[in-house]
Each structure stands twice: as structure tokens, then as C-alpha cells.
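Colleague: Given these sequences and hints, build the entire structure.
2 protein chains.
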Amino acid sequence: MKLASLKTGRDGRLIVVSPDGTRFAEARAAATLQAALDDWRRAEPALRDEAARLAEEGGQPLDPSRLASPLPRAYEWVDGSAYVNHILLVRKARGAEPPPGLYEDPLVYQGGSGVLLGPTEDLVLPDEAWGMDFESEVCVVLDDVPQGTTASQAAEHVKLLMLANDVTYRNLVPAELAKSFGFFQSKPATAFSPFAVTPDDLGEAWHGGRLHLRLRTSLNGKLVGDPEAGPEMQFSFPDLIRHIAKTRAFTAGTILGSGTVSNADRARGVSCLAEKRTLETLDNGQPVTPFLKTGDRVQIEMLTSEGKSIFGRIDQRVRHREAA
Amino acid sequence: MKLASLKTGRDGRLIVVSPDGTRFAEARAAATLQAALDDWRRAEPALRDEAARLAEEGGQPLDPSRLASPLPRAYEWVDGSAYVNHILLVRKARGAEPPPGLYEDPLVYQGGSGVLLGPTEDLVLPDEAWGMDFESEVCVVLDDVPQGTTASQAAEHVKLLMLANDVTYRNLVPAELAKSFGFFQSKPATAFSPFAVTPDDLGEAWHGGRLHLRLRTSLNGKLVGDPEAGPEMQFSFPDLIRHIAKTRAFTAGTILGSGTVSNADRARGVSCLAEKRTLETLDNGQPVTPFLKTGDRVQIEMLTSEGKSIFGRIDQRVRHREAA
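If you read the sequences in order, they're chains R and D.
Heads up: the first sequence at position 81 corresponds to 81 in my numbering, and the numbers run straight through without jumps.
Heads up: the second sequence at position 201 corresponds to 201 in my numbering, and the numbers run straight through without jumps.
Simulated from the structure, these hints should not be mistaken for lab results.
Given the structure is predicted, the values throughout are model-derived calculations rather than measurements.
Take these hints with a grain of salt, some might be off.
No copy labels: a pair is met if it fits in one copy or bridges any two.
What the hints assert, rightly or not - In silico lysine-lysine, BS3-like type, Cα no more than 27 Å apart, as pairs: (1) 246 with 7; (2) 92 with 179; (3) 293 with 246; (4) 293 with 159; (5) 92 with 308; (6) 246 with 179; (7) 92 with 7; (8) 246 with 222; (9) 293 with 222; (10) 159 with 222; (11) 246 with 159; (12) 308 with 7; (13) 159 with 92.
Modeller: So, in C-alpha cells, the structure goes:
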């Protein structure tokens with residue numbers, strides 16, 4: 001089942017979407033996705049009935065530009081960094097050591113969740129010197145997770161999957177991390193894919209707590225990366241859930257990210273510019289690719305083995321603030 | 001005007017509270033505090049009318065144990081660390097250097113906001129080895145804050161004030177900070193005071209973007225600190241708002257904390273055990289005071305110059321998980 005939110009009000013208007021992503025109907029079981037997640041046991045079967053009815057009745061044509069983030073604001077946005085290749089390259093880029101326990105202890109940070117971007121909303125860039133970068137990720141939406149949840153209990157808490165563009169101001173990262181309180185100013189609002197999708201929609205591609213498909217990222221119409229999101233995810237989503245729930249509980253609607261998808265095989269390209277710049281530096285002594293500039297266009301998508309878009313396409317343009 | 005939330009549902013039930021904190025009426029203008037904040041321009045005058053009516057009609061007696069956090073869950077909980085004395089002592093405790101730009105560049109971290117504790121909810125401590133500590137703070141609740149807000153624009157975004165107990169697992173901090181992604185596992189759920197109070201209720205004590213009153217913390221019935229929250233707050237709340245809004249916007253209902261209130265004058269005591277342990281180490285080579293243990297009781301309160309409790313009392317007991 002595919003769900004999405006029309007841009008209206010602070011929390012959007014929940015819709016059920018046809019499997020091909022082209023048609024929709026406003027949900028009756030809940031007004032917003034957060035409301036559905038707050039009462040998922042009741043809402044999920046009702047929404048599935050509505051999706052079945054949509055298949056019969058046809059619904060209305062869906063214009064992607066009308067979509068907000070499936071959760072236009074969320075109670076938490078926790079982002080992991082589960083691809084070791086990404087960690088090693090990005091730390092190399094800023095001359096930092098790999099973190100202790102790289103292969104045993106997941107890295108996660110608490111992101112801002114009160115203002116999230118829809119899939120086609122502009123990336124507003126007040127200052128190009130901040131070094132805006134995209135980061136293409138897979139993420140899951142959780143129901144209520146108790147403190148102390150184990151990895152074996154954790155899988156059942158994954159209710160939906162989405163894609164994310166976890167935007168970063170690379171040039172603000174070092175000063176923030178030097179203060180040791182996290183990324184704060186270096187992370188503007190994150191953008192999410194048009195559709196939030198139930199795990200059963202992914203078939204065999206969703207197994208072992210990982211999504212075994214390629215995540216495609218294009219910059220200005222040119223593919224820059226299509227890494228496999230499954231095998232090199234060092235910590236599965238259940239591993240990450242166990243990790244974050246060690247000391248506290250999470251409310252329904254919490255979004256948990258994989259971190260930037262990255263493969264050791266260079267032929268798979270990159271899901272962020274920082275990796276590309278590091279590889280250029282390793283090869284030629286300096287980076288060639290600039291960070292994002294006004295007018296750039298970033299597209300992020302994941303296709304089934306039959307070439308169908310699962311989550312719809314994140315498709316954002318970079319805009320200078322004054323150009324509003 | 002004092003507002004609070006009864007424990008019911010995920011987001012509580014908004015009530016207006018009498019100035020002395022003893023009586024209440026369920027709010028008609030909004031069902032929850034978040035709903036009121038989402039539409040504050042309309043809701044605030046309506047709630048003030050209801051507060052006036054409560055004063056005439058008397059309402060019902062208020063049992064503090066019925067109260068949730070004013071916001072039982074929030075879209076963001078951003079916590080500053082604006083008292084330089086606290087930063088210096090806590091860093092000394094873990095053998096870390098003071099951060100660069102200590103006096104010019106505010107420290108803030110993104111906290112978990114999906115599950116917040118009410119003022120009398122137990123502090124559940126699964127493992128005493130984690131080193132549970134209280135941290136007594138002042139915080140503000142914001143309306144919508146645009147990206148790029150200046151300090152002079154920021155003051156008007158402060159709609160309510162509260163107190164917080166920003167609980168920390170001290171012994172989990174070093175390993176988390178070594179990974180440079182922030183405090184994640186070392187911060188369990190934060191607790192908030194019974195009442196959220198509009199700035200006008202604070203009279204002259206609220207000026208310069210700081211709250212000029214003493215914050216009283218007791219452990220097991222004994223006062224451990226009553227530092228002045230105003231003069232040594234290096235960055236005012238508007239300073240902190242400007243800082244956090246540099247690269248992104250915030251939704252109404254965002255909570256922003258001052259950090260642990262701390263004075264250089266030792267006679268004012270402490271608002272957390274980490275400071276006390278550092279002072280003991282400086283004086284005698286080792287800490288004497290243990291971190292919180294099962295059965296301990298923490299109380300946090302702020303009184304007017306006439307001795308009246310403004311925000312009600314945070315009053316929490318530490319309980320081992322199995323004792324539920």
C-alpha cells in the first residue's frame with residue numbers, strides 16, 4: 001500500500017495512492033498520516049480497504065507537485081549512518097578518524113523534525129559558501145517503540161518505508177562537530193519521497209531488515225549513483241531500532257534513516273557530493289565537483305526489478321533565498 | 001496565564017490553571033496545547049478569556065499527579081547550554097577541553113521529543129551503571145520561527161516558559177561524544193514542569209530574554225542548588241533562537257532549553273550532580289556524591305519574589321525498571 005500527503009494545513013491530508021503512483025483518493029480512515037500511525041492497528045486495514053476501492057473506482061489523477069512530505073512534520077527524525085563506505089569516505093574528506101567501534105556500534109544523530117520538505121519543494125540555499133550537499137537514504141516509519149526493544153522485537157515496529165534527501169551544509173559540519181554537540185546548524189530541513197510504502201509492497205526486496213534494491217540519484221539529469229541499498233548496510237533497521245531504544249521510547253510516527261547509501265564498488269557512483277569530492281581528492285589531490293549551486297536539480301528514486309518507481313521521485317531544485 | 005495538560009491520549013487535554021496553580025478548567029479554545037500553539041493568534045486571547053472565567057467560577061481542584069508534560073510530545077526539543085560555568089565544570093569532569101568560541105557561539109543539541117515525561121512521572125533507571133543525573137533548566141515554547149530570524153525578531157517567538165529536568169546518563173556521554181554525532185543514547189526522556197506560563201505572568205523577572213529568578217533543585221528533600229537563572233546565562237533565549245534558525249525553520253510548539261542553570265558562586269549550589277562531583281574532585285581528588293539511585297527523589301521549582309511557585313513543581317522518583 002502506498003500512502004502520501006497532500007499539501008494542506010500543518011500536517012497534510014492523507015491520501016491512498018494507486019500502485020503505479022498516478023491516482024489517488026483522500027483517506028477516510030484518518031485525516032493525516034500521523035493520525036493513522038497513532039492508531040495504526042485500526043487505520044491500516046481500513047486504509048487497505050480504501051486502496052482496494054481506489055483500484056476499482058479509479059480515483060483522481062495525482063500531480064506530484066501537490067505532495068508534501070508523507071509526514072510534513074514528525075515527532076522525531078533519527079538518522080543512522082549504516083554504510084561503512086560512506087563513513088570512511090566522509091571522515092577522510094574532513095581529515096577525521098573513523099569512529100571507534102565502526103563495525104559494532106551504530107552511529108545515529110537526532111535530526112530536526114518539525115519542518116520537513118515535500119518531494120518537489122525547492123532546496124533554499126541562503127549562502128553557497130555553506131557547501132550544500134544532498135544525501136540519498138532509505139528510511140522507515142515506526143509505530144510506538146518501547147525502551148529496551150530487542151533487535152528481534154524491532155522488525156515489527158517498521159510500518160512504512162520512504163526515501164529521504166538528508167541535506168547537509170558540508171562546510172558547516174567541522175565547526176559544529178568541534179563543539180561535540182552534533183550537527184545542528186549543518187543540517188537544514190530533510191526532504192522525503194512522495195510515497196510512504198508498507199513493507200509488503202516491497203516483496204522479497206525487503207528482507208533481513210534491509211531494502212535490497214538500488215537507490216538512484218541524479219544531478220542535473222545525469223545519474224551520479226545507483227548503489228545497492230541492501231548488502232553493505234552494516235546495521236539493519238532492526239539493529240538501529242534496538243540501538244536507539246536502549247535508553248528511551250519512541251512515539252508512533254518516528255522516522256529512522258539508514259544514512260547515505262554507499263557501496264565500496266566505485267562503479268556504483270555516489271549518493272552525495274562529499275564522497276565524490278573525496279574520491280577526486282584521493283585520485284588527483286583535490287576535489288573538482290563543486291557543492292550544490294543555485295539552479296541545480298537533484299532527483300532520487302528507487303525502481304523495482306521491473307523498472308517501476310516504488311516511492312515516487314524526490315525532485316528538488318536549488319534556489320537562492322532572494323529568488324522566492 | 002498558566003496552561004497545563006491532563007494525562008489523556010497521546011497529546012493530553014489542555015487546561016487553564018488558576019494563578020496559584022490549585023484549580024483548573026478544561027480549555028474550550030483548543031483540545032491540546034499543540035493545537036493551541038498551531039493557532040496561537042486565535043487561541044491565546046480565547047484562553048485568556050477562559051482563565052478570567054476560571055477566576056470567577058472557581059473550576060475544579062487540580063491534582064498535580066494528573067498532569068502530563070504541557071506538551072506530552074513535541075515536534076522538536078532543542079537544548080542549549082548557555083551557562084558557561086556549567087560547561088566549564090562538566091567538561092572538566094570528563095577531561096574534555098572547553099569548546100571553541102565558548103563566549104560567542106552557543107552550544108545546542110537536538111534532543112528527543114517524541115516521548116516527554118510529566119512533572120511527577122518516575123525516572124525509570126534500567127541500569128545504575130549508566131550514571132543517571134538530573135539537570136534543571138528553564139525553557140521556552142516557540143511559535144513558527146522562520147529560517148534566518150534575527151535576535152531582535154526572535155523575542156516575539158517566545159510564547160510560553162516552562163522548567164525542565166533534562167535527564168542525562170553521564171556514564172554514557174563519553175562514548176557517544178567520541179562518535180561525534182551528539183548525545184544520543186546518553187539522553188533519556190526529558191521531564192517538564194506542571195505549568196507552561198505566558199511571559200507576561202513573569203512580570204519584570206522576564207527581561208533581556210532571560211528569566212531573572214532562582215531555580216531551586218532538591219534531592220531527597222534537601223536543597224542542592226538555587227542559582228540565579230538570569231545574569232550568568234551567556235546567551236539569551238533570543239540569541240539561542242537566532243542561532244538555531246540560521247539554517248532552518250521551526251514549527252510552532254518547538255521547545256528550546258537554556259541548558260543547566262549554573263552560577264560561579266559556589267554558595268548557590270548545583271542544578272546537576274555532575275557539577276557537584278567535579279567540585280568534590282577539585283577539592284578532594286575524587287567525587288563523593290553518587291549519581292541517582294533507585295528511590296531518590298528530585299524536585300525542581302521556581303518561586304516568585306513573594307515565594308509563590310510559578311511553574312509548579314517537577315517532583316520525580318527514580319524507579320528501577322523491574323519495580324513497575
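Colleague: Taking 27 Å as the upper bound on the Cα-Cα distance, should residue 308 and residue 7 be classified as within, between, both, or neither?
Modeller: Classified as within; 24 Å inside a copy, 46 Å across copies.
Colleague: First find the shortest C-alpha distance between residue 246 and residue 7 inside one copy, then the shortest across copies, and answer within, between, both or neither for a cut-off of 27 Å.
Modeller: between (35 Å within a copy, 25 Å between copies)
Colleague: Within a copy, between copies, both or neither: where do residue 159 and residue 92 come within 27 Å Cα-Cα?
Modeller: neither (35 Å within a copy, 44 Å between copies)
Colleague: If the cut is 27 Å between Cα atoms, do residue 159 and residue 222 qualify within a copy, between copies, both or neither?
Modeller: neither (33 Å within a copy, 47 Å between copies)
Colleague: Should residue 92 paired with residue 179 be assigned to within, between, both, or neither, using CA atoms and 27 Å as the limit?
Modeller: Result: close both inside a copy and across copies, 19 Å intra and 15 Å inter.
Colleague: Within a copy, between copies, both or neither: where do residue 293 and residue 159 come within 27 Å Cα-Cα?
Modeller: neither (36 Å within a copy, 37 Å between copies)
Colleague: Tell me, please, which holds for residue 92 and residue 7 at an alpha-carbon limit of 27 Å: within, between, both or neither?
Modeller: For residue 92 and residue 7, the Cα distance exceeds 27 Å both inside one copy (40 Å) and across copies (49 Å).
Colleague: Measure nothing new, just compare the shortest in-copy and cross-copy C-alpha distances for residue 246 and residue 159 to 27 Å and report within, between, both or neither.
Modeller: Within. Shortest intra-copy distance 20 Å satisfies the 27 Å Cα cut-off; inter-copy 34 Å does not.
Colleague: If the cut is 27 Å between Cα atoms, do residue 92 and residue 308 qualify within a copy, between copies, both or neither?
Modeller: The answer is neither: 36 Å in one copy and 56 Å across copies each exceed 27 Å.
Colleague: Classify it for me, residue 293 with residue 246: is the Cα-Cα distance of at most 27 Å met within a copy, between copies, both or neither?
Modeller: between (40 Å within a copy, 19 Å between copies)
Colleague: From the Cα coordinates, with 27 Å as the cut-off, is the pair residue 246 and residue 222 best called within, between, both, or neither?
Modeller: neither (41 Å within a copy, 31 Å between copies)
Colleague: State whether the alpha carbon distance between residue 293 and residue 222 is at most 27 Å within one copy, between copies, both, or neither.
Modeller: Answer is within; shortest intra-copy Cα gap is 16 Å, inter-copy 58 Å.
Hint compliance for this structure: hints 4, 5, 7, 8, 10 and 13 are not met, and every other hint is.
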